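There are 2 protein chains.
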Amino acid sequence: MNEPEQAPGFRPLYAQIKDLMLGRLASGHWRPGDLLPSEPKLATEFGVSQGTARKALDALADMHLLVRRQGKGTYVTAHTPDRALFHFFHLVRNDGAHQLPDSRVLGLREGQASPAEREHLDLPAGSSVIRIDRLRSLDGVPVLCERLVVSAEMFPGLADRDLEALPNTIYELYEREFHAPIASAVERISAIPADAEDARLLGLAPGSPLLQVDRVALGHDARPVEWRVSRCDSRNHHYLNELR
Amino acid sequence: MNEPEQAPGFRPLYAQIKDLMLGRLASGHWRPGDLLPSEPKLATEFGVSQGTARKALDALADMHLLVRRQGKGTYVTAHTPDRALFHFFHLVRNDGAHQLPDSRVLGLREGQASPAEREHLDLPAGSSVIRIDRLRSLDGVPVLCERLVVSAEMFPGLADRDLEALPNTIYELYEREFHAPIASAVERISAIPADAEDARLLGLAPGSPLLQVDRVALGHDARPVEWRVSRCDSRNHHYLNELR
DNA sequence: CAGTGGTCTAGACCACTTA
DNA sequence: AAGTGGTCTAGACCACTGA
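Just so you know, the sequences run in chain order A and B.
First residue of the first sequence: 1, per the numbering used here; consecutive thereafter.
First residue of the second sequence: 1, per the numbering used here; consecutive thereafter.
If you are wondering where the hints come from, they were derived from the structure by calculation, not from laboratory data.
Quick caveat: nothing in here was measured; it's all calculated off a predicted structure.
A couple of the hints might just be wrong.
[What the hints assert, rightly or not] Pair by pair, the computed Cβ-Cβ distance ranges are:
| hint | chain 1 | residue 1 | chain 2 | residue 2 | range |
| --- | --- | --- | --- | --- | --- |
| 1 | A | R235 | B | P115 | 44 to 54 Å |
| 2 | B | E119 | A | P12 | 46 to 56 Å |
| 3 | A | A222 | B | P37 | 33 to 43 Å |
| 4 | A | R235 | B | E164 | 31 to 41 Å |
| 5 | B | Q70 | A | G140 | 47 to 57 Å |
| 6 | B | G51 | A | R104 | 50 to 60 Å |
Just so you know, even glycine gets a beta-carbon here, dropped at the ideal spot from N, CA and C.
All chains, full assembly: derive it from the sequences and hints.
Structure (structure tokens):
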């Protein structure tokens, strides 16, 4: 009889080291932008060879949680407009041009979480959330209206911010001011008819097809941080996905 | 003054070996399903250490061109319904269920390539193409109508096939019978209004929003093999994309 | 049991960055 | 010149597969 558990019962050393490092990222011991100790230092610190430490670091770099730069060192990934553009913004112009849209904040309010909001953000009953509505433009033309929802508890004071002070790439704000860096996301894309509000904001006829991107963004611990629903006029833009 | 060229002027050994292996895949020297020689054999054959050969193999496995199985060996990736489902079919039911649709072929015809078809498939003027129209159903409900376009030269005899004999996962056919395996793809997604034909096939009102997925599928040599446009009723299904 | 890929180590050297 | 990550090698051992 073998052991009843089907679990591997074996976890490579480098994977264990990777998990320890992940813990340091999730706990904030290592923060976005930080320079990590060098490979030899980490190796002796964790009691493994440099090659094993390297394999753990490479795995985290593959997940885009770390960035390695030859000659300089290994850094914790920080959100920049570039990262937002190439990693999290998949809407491109039909001719292929790739650029980040401007944002105009239309509203920022706190309120009781709806059941859908609680489910998407994994919040208990009675939680409150902060909702941000934005209209985003490419080449000066409004193409995208979106609602962002986050836990009010996780983002204290966000509801009292000046609308104008919110940065265009808001994940920078999450990570810099609320220590809630975004590590990954899941997007669900569908086609919906424009409602009256969407139509007005985007200058379309009600009922026009819109591309809806429903995104839950996750932290390093894989717990949801933000739920975002974007509705896009996709006559001149499309969502680009490369399958490798 | 440094050398005028900005090119790296340096390419790691394992990358060169990887390129050589890619050549064997692109040329058909290694074909889908084949078992590759063992690491030590490849290493001596290419005149490098086993570690370097391994790094090249790992890189190709990361691109999903090879599959490595401990205890068995390294295989060239072959298309299976599983691969189609998890790697190339991103439409899932709103409740999360993930399954491959049935296909009913509506038409299979050869004709002169339109300018758009020539551009998508990188064909010279005067080329002919084969077009396949399919209606695909999930849970017995038609949700997706699509047109596939391929070069007639690359797929000799395809136009004379029996409609019923085309497999549901057609990439298997491309690779098995025409030695044209699909290695990657680029998808462009937008929302469009249903035309009369789409509406009839999918049981919708004309003008209803449809999710359009425009895909160019590429071979190992990164040249286009198939252009496919799918239009989906996205009321009960959506396109799922995970950003890591 | 032999053969495969997977892990781990140790050490040498290379390319890049900064001072 | 010193320090970083990146490459390359060689060898030992482990986990998995199938005869």
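Item to check | Unmet hints by their number, sorted upward, for this structure | outcome: Hint 1 contradicted; others consistent.
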